[in-house]
Every structure is written in C-alpha cells, then in structure tokens.
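Undergrad: The listed protein sequences derive, respectively, from chains A and B.
All residue numbers for the first sequence refer to my numbering, where the first residue is 1 and numbers rise by one.
All residue numbers for the second sequence refer to my numbering, where the first residue is 1 and numbers rise by one.
Calculated from the structure, these hints are not laboratory results.
Careful, some of the hints might be misleading.
Output of the computed footprint for chain B on chain A, the stretches with three or more beta carbons under 8 angstroms from beta carbons of chain B [as the list claims (entries may be wrong)]: (1) 187–198; (2) 202–211; (3) 344–351; (4) 454–466.
Label pairs and their calculated CB-CB ranges [said to hold, decoys possible]: (5) A/357 / B/289: 50 to 56 angstroms; (6) B/180 / A/262: 37 to 43 angstroms; (7) B/316 / A/484: 46 to 52 angstroms; (8) B/318 / A/139: 40 to 46 angstroms; (9) B/322 / A/426: 41 to 47 angstroms; (10) B/241 / A/135: 29 to 35 angstroms; (11) B/307 / A/435: 50 to 56 angstroms; (12) A/3 / B/92: 57 to 63 angstroms; (13) A/401 / B/289: 48 to 54 angstroms; (14) B/307 / A/395: 54 to 60 angstroms; (15) A/142 / B/285: 36 to 42 angstroms; (16) B/138 / A/17: 51 to 57 angstroms; (17) A/54 / B/241: 34 to 40 angstroms.
We treat Cβ as the ideally placed atom computed from N, Cα and C, and that holds for glycine.
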Amino acid sequence: MGEIINLLLDGFTIAFQPLNLGLILIGCTIGLFIGAMPGLGSVNGVAILLPLTFLVPPTGAIMFLAAIYYGAMYGGAISSIMLGIPGASTAVATTFDGRPLAKQGMADKALTAAAVASFVGGTISVVLFTFFAPPLAHVALVFGAPEEFSLMMLAFATFVGLGGDDIWKTLFSIAIGLVLAAVGLDIVSGEPRLVFGGITGFMHGINFLVLAIGIYGIGEMLWTIEEHTKAGGKSMLSEATITWQRTVANLKELLGTWKTALMGSFLGYFVGILPAAGATPGSLMAYGIGKQISAKPDDFGKGAVDGVVAPEAANNAASTGSMLPMLTLGIPGSPTTAILLGGMVIWGLEPGPRLFTDHKEFVWGLIASLYAANFFAVILNILFIPAFIWVLKLPFTILAPIIFILCLIGGYAPTQDLHDVWLMLLFGIVGYLMRKLDYPLAPAVLAIVLGPLAEPALRQSLLISSGDMSIFFTRPYSGPIMIAALILLFLPVLQILIRRIRGSRQSPASSDDTPGSEWQG
Amino acid sequence: MIITRRSTLALGLAAGLGLTMGLANNATAGWEPKKPVQFVVMAGKGGGADKAVRLMQAIIAKDKLSNVPFTPINKPGGTGAEALIHLKGKKGDNHTIMFTLNSFYTTPLRQPALGVNIEEFTPIMRMAEDTFCLWVHSDRKDINSVDDFVKAAKAKGKGWIMAGTGKASEDNLLTDFLNSAYGLEMKYVPYKGGGKVAKELAGKNADSTVNNPSEQLGFYEAGTTKPLACFTPERIALFKDSPTFKELGQDFVYFMQRTVVGAPGMDPEAVKYYQDLFNKVFTSEAWQTYRKKKALQGDALSGDALMAYWKNERDVHKAMLMKMGAIK
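Excised from the complex, chain A in its bound form:
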C-alpha cells in the first residue's frame, strides 16, 4: 500500500510538470469536442492527432492521447443529451433519459448530471485502478468464453424490464436486434449469413452505430419534424435556459443520486476491465440495474436524472477499467485505445504483463495523468454547458440540417462504407414507425450491441465443452454470474405470478402493495 502511494506520488510529479499538465488540458478539450460530435469520435480524429504527439517526449505524448480518450468519454454524453444521437456505443444508454430531459427543457440538468456522474465514475475507477490493478489483471486473464457469455446474459437480464409493460413488444424488439446482429460473416465458420444474396455491404455486418444513429438520430428528427409541423413551424429542438439558481438546484438534486453513481462506478469499472466487454455493456447494465434499484422505476425512459447518472458514471469508470487489459494484456478495447497502443509501441513502451514492472515511471505517470484529466474534464464540461445550451436555442430549421449531416458522418465513419449510410436512413424510417406503433427501441439497440459479443462466446464455450451447457455453471466465475442472470431474468415473471395470485385473493384496489408484505399477510 505504502509503496503504491509512493509510486503514485512519483507519478504525480511527472504528470504535474507544466508541459504534461498543459498537454492533458489540451487533450481533454480536444477529446470533449471529438466526443461531442458523432462520427468525429471515431478513429480518424485521434489518427489525425497522432503526429502531434511526436513533438513532445513519449510520456507526455501518451498522456495527451489518454486525455483525448478520456475527454471524449465525457463529450459522448453531450450529443446523446442534446441531439439524441449517441456518438459512440458507450453513450447509447445516456440518450434514454438524457434526451427526454432535454426535450422537457432541462438539458442543463442532464448535462450537469452527466458531467458530475462522469467525474464520480472516473475518480472512483482511477482509485481502484491505482490500488487493485495487478489482481484485477489476473481476473481479466482467466475470464474466458463461458464467463463472457454469462456476463452478456447478465447484461440482457438487467434489461428485461426496460421496454415498459408490453413484454411481447419488448421481446419483438430484442429479436429484431439479434437478427440484425447475426448479419455478416460468421466468426466461427467464416460463412456469410443473411447477406441478401451476397450484397457486399452486409458482409461486415451491421455496425451498432448504424442502427443507433438511424433510430435515435434520423428517427428522432422525423419525430421532431412532425411535432414542428403541428406546432406551426415555431417549435425549437428543445426549450433550454441556464441560470446560476438552476445550476445550484441541479447540483443539489444530484446529491440524491449518489447511490446510483456509486453503483454505476463500481459496475462500470469491473465490467470495463474485462477485455471482451468494454464500456458499452457496462453502461447499459448500469442503466438496467439503476432502473431496478430505483424507487421510481417508471420514470426511467421519461427523463429520470438517475437514468443519466447510472450510464455516465459507468462508462467513464469502464473507460479507465479498459485501460487495464490494454496495458497489461495488449488488447485494446476500442479503436481509440488501439491508436494509443500504436503510439506506445513506437516509443518502445510495449504493452504486456511486464509493462508495470519495466516502465514504472510511465505507468504511474499515466495513472496520475488520469486523475488530472478527470479533474480538467469535469471543469471544462461544466464551463461549456452554457455554450451547448446556446446551440440548442438555435431554430430547428437551422439545427436540423446540421444534425442530419452529423448523422450521416456518424453512420459512415465506423466502416467507411456508403452502404451503411443508406441502411441507417432506412433504420431511421423504420425506427420512426416502430415508435409510432409504441414499440420500445432500446432493447433492439441493446441486442445489436451485445449480440455480436454474446454469440462467439456462446459458440466457443460449447465447442470447448462439446455442447454441454453445464460449462456455464461449473466454472468459478461463470457460475455465480450465470445464476444471477437467470434470477434477474425470471424476476419479472415471478412478480407477475405473485401479482396474479394476489389478484385472485384480494380486490384489485390493493395491487399497489409490495409482494413481500402480501406474503406476510
């Protein structure tokens, strides 16, 4: 413990050198904007910046890149909340409640919540990183295919109740997402699946962003256009104001969400350290659990502050967590971290199990820089809120084309294939119609994110066990996770059963009682 603190203090002396501190500040600012713009958050942004890092010493360079990565994680929430377009898969869950809040004229509240939750998640995870990196690296290592699949099941299970009351429509939505996730080349056999007779664009599968931006970006815009027309062309994208009083009130209200923030931070960090998972399942699971533990679960999806806090705390915690497999196993969790890796290799900082012993100064400098980056990012983010609010005040007729262009860029960037842009527009229209018919869309997005992670893990596990399902229950990490997943999965069914039994015993008027008290009676 004492040694770790010494190392960390050494790290701080490196990170707090004026040049490095400046680089972290600039990196955070750039990251914030890259993250805030869908599409720019892709590989291109950081790739363009890579040459700049060769002007400074290696440690500073990596701190700069890490700060960009970190800032982008904060920035991702901004477009999710203001425009309803998740710029990266990590920020999807933030749209679920961030966007409704913005539409109700409380964009400032959502943005503040996102910034503060990100700070909490980031700080907790960096502290965890500081003290528990080596043992957790071991957990990441023994986490194999069966564990991955169990974790994905848990992620699905946390989301069962997400779609609202109509369980059939939720299942339908999940099924659509899973079918879309199956499109493309099968990783195990290498054969193309569901490619409509060999259309090249389907070979690489359907990127999650294509669906998410289609449904949320384009679909949302169609929805707004309809409202806009109804309102006689006078509506704005959302009402928004910001004053000191409001900010103080917002911060006060945030104090009440500390439980959610803590849950999101820990969950995000632990899911983030697993090489397969990364920040996206982490933030989605945090949202699902946040809803289940909430006192007012019905508010989720309609603009609950907790619904912004949970995923934002989790995705920032996970982004720190995912540095662990990158540094100790050399497996990058995202395109941005992959570029970070390239930058490290050219400086002779080879990621791997020996990085922590061979390059102590670098590792601890980087960890210390994450503390600093976290601090800068939250300050910058809050300072920029009025500017973001100002953008929201632009007339819809000006904002709409800008959003539309951002959507197109975001759909094109991940695969750089025009086919995906057309597909995205199609999803936009379908999403709009599904919404009109009251189908929940979040489960479909969840399925397309988790499907491609769950499927190979399932098949690899069953290959290993020769088709024996017990592999998921007999392994030390996999077993408890799978059992927890199954319990969560069947909880709603149990609740329905309990409600039925109660309904037949008592008058419907008392149906608001908790099931527990019922059994005592």
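On the provided structure of chain A, position chain B as indicated by the hints.
TA: Showing chain B alone in chain A's frame:
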C-alpha cells in the same frame, strides 16, 4: 451567411485539424494521396498484424512519410473474408491499402463463392515473414518438450483445446498438421485475433496455441507461457532452447507473410508512391528494431516478385488445404 458561419463553427474543429496536417511537407513529384489512406487490417485487434499496422502508422506519422494520415481499420470477419471483399470492392481506389497474412490465400480457396482472385490485387510490399511456435502455459511443468506435449494431448484426447484465430486460418492449418503428424485429436477453437488467443492460453482457457512470437512475447517474458518448438527452418534466436520441428524429424516449415497489398486496378503512379513509402518504412530504424524484437524474418519484396511469391504460396496452401480435406 449566418448559417454558413454557424455550420462552419460546428465543424470547425475538423477543418482545423485537417489543415494542420495538410501542411506537412512532402513535396515530391508524382502522385500523392489526397485524403486519409484507409489501412485495412485483415485480422482482429491486438494480434500480430494489428500491432504491426499500428506501428507502421506511427512510423509514417513520426517520420512524416506522408502528407495524410493512414487510418487503420480492422476487418477480421470470416477469417479475412470481410477484408478481402472490402478491398475487392474498392477497385480503382488509390486510397485503400491492406495489411495481409496467409488467409489471403486460404480464405479465397476455401470460399470460392466470395469470387476473390488474389491476382487482381495490387502487390505493394512484403514487410516481413512471421514465424510460428507451439506454446503451452508455463504452469504445465510436465510439458517441456514436444514429446511431453504429445503425451499430454493424447491423454486428454478431444478435450485438449487449441485456440486459434479463425477457421482454416494459419493456426488451423498448423493444428491439423500437429494432429495428423502426431496422431492427436486436439479440438480447435477459433477466436477473434491473435492477441485474444494469446490471452486465452495465459488465462488457462486453452491448453495450447500456435501463436506468432510477437503475440506471445509479453507473456513469455513474464514467464507465463513457453514455446516448445517452432515451425522455422532454423532456431529462432530469441528462443534458443526451443528446437525446430525440422530437428524433431518433421519436414514442416511454415511462414506467414506480412504484406501490404493495394486495391485492384490501382494507378501505377499510386503504386509507385506506396512502394517508395513502405520501402522507407521497411528501412526505418523502428521497423528494423521491431523485426528483430519480434523474430520476424523475410526480406522486402515488391512488384512482380511479390506476385510470383503469392502465386507460389497459393499453390502450396492449396495442396495443404486439399490434404486436410478443407477443399476438394
């Protein structure tokens, strides 16, 4: 006017970044890329090919070899089928290149339906040939030679898990070779990318792998995994104590190309540009150090010589695949 200014503001960052880069000087005559070059990786993140591409990208940026950034994009699906189809579809595109391995031969042979003919692609430069070794976890104190390995794998029969990078990939070919040469029944489980495969062995979720040295090196240096023997003509300097399969009486040597290939029908001037550029990358100190550290072999090869090498290697792989019954 106002609208223009506002939208410029919104996208100002992008433009600003583009400008700073665009001004980098590299004013030679002839063709030059006009937009970022897409550098497709035919394998997953963290594997040998991916690491090499990230390094080349960094070398190009650091030594200012190009006026535009090279942006890596991973397309590992279907043992490289995704990448091959992508590149094929970029016919006549001067801004798409790919870093390829031996699935360049095997995937089109196995899946004629893809309609990929590798002779259509533009040879740019072979940067190295990678080597393979047989790896087990260091905790297997009972396994210190290939003989021990055979004994242990035989005892476990079909329960012995060999992790690899995809169906009918290099790893799969080597696994089949081991199975038939030593009468084993190891089960081959495909994962996405060599980095993941290396991790599965280190985490004891697999019993063995046939990773490239570059993929296992980190774990090897940490004392987590050990090479038993290598598929090279001579011993690898890094692993002096590990014999070659040739020494052990198996006439089997296997290399994997690490080659930059361009889209079909690339303009000759563009081809020349990329050949010059990757020649500079090849001779750079960083690449040479990397080659030495990762036990990479094979000289630079380009143009017709590279095409001839491809055709020969394709025939070799065709014979191998026929022998293992993957194709008719």
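Undergrad: Each of the hints needs a verdict: does it hold here or not?
TA: Do the hints match the structure? See the list:
1. Counting residues of the segment 187–198 of chain A whose CB lies closer than 8 angstroms to any CB of chain B gives 7, so the stated coverage by that chain holds, three being the minimum.
2. Closer than 8 angstroms: that is the beta-carbon criterion, and the segment 202–211 of chain A has 3 residues meeting it against chain B, so the requirement of 3 holds.
3. Closer than 8 angstroms: that is the beta-carbon criterion, and the segment 344–351 of chain A has 4 residues meeting it against chain B, so the requirement of 3 holds.
4. Remark: the segment 454–466 of chain A is confirmed as covered by chain B, as 5 of its residues place a Cβ nearer than 8 angstroms to a Cβ of that chain, reaching the required three.
5. Against the hinted window of 50 to 56 angstroms, the Cβ-Cβ separation of residue 357 of chain A and residue 289 of chain B comes to about 21 angstroms, which falls outside the hint.
6. Distance hint check: the CB atoms of residue 180 of chain B and residue 262 of chain A are about 56 angstroms apart, inconsistent with the given range 37 to 43 angstroms.
7. In this structure, residue 316 of chain B and residue 484 of chain A meet the distance hint of 46 to 52 angstroms, their C-beta atoms being roughly 51 angstroms apart.
8. Restraint check, residue 318 of chain B to residue 139 of chain A: a C-beta distance of roughly 44 angstroms satisfies the suggested window 40 to 46 angstroms.
9. Our hint of 41 to 47 angstroms for residue 322 of chain B and residue 426 of chain A holds, since their Cβ atoms are close to 43 angstroms apart.
10. The supplied range of 29 to 35 angstroms is met by residue 241 of chain B and residue 135 of chain A, whose beta-carbon atoms lie about 32 angstroms from each other.
11. Hint check: residue 307 of chain B to residue 435 of chain A, Cβ distance near 54 angstroms, so the stated range 50 to 56 angstroms holds.
12. Under the hint 57 to 63 angstroms, the C-beta atoms of residue 3 of chain A and residue 92 of chain B, about 60 angstroms apart, fit the expected range.
13. Between residue 401 of chain A and residue 289 of chain B the beta carbons are some 50 angstroms apart, a value that agrees with the proposed interval 48 to 54 angstroms.
14. With their beta carbons about 59 angstroms apart, residue 307 of chain B and residue 395 of chain A fall inside the hinted range of 54 to 60 angstroms.
15. With their beta carbons about 38 angstroms apart, residue 142 of chain A and residue 285 of chain B fall inside the hinted range of 36 to 42 angstroms.
16. Under the hint 51 to 57 angstroms, the C-beta atoms of residue 138 of chain B and residue 17 of chain A, about 39 angstroms apart, miss the expected range.
17. Distance hint for residue 54 of chain A and residue 241 of chain B: a CB-CB separation of about 39 angstroms, consistent with the stated range 34 to 40 angstroms.
In this structure, the hints that do not hold are numbers 5, 6, 16, in rising order.
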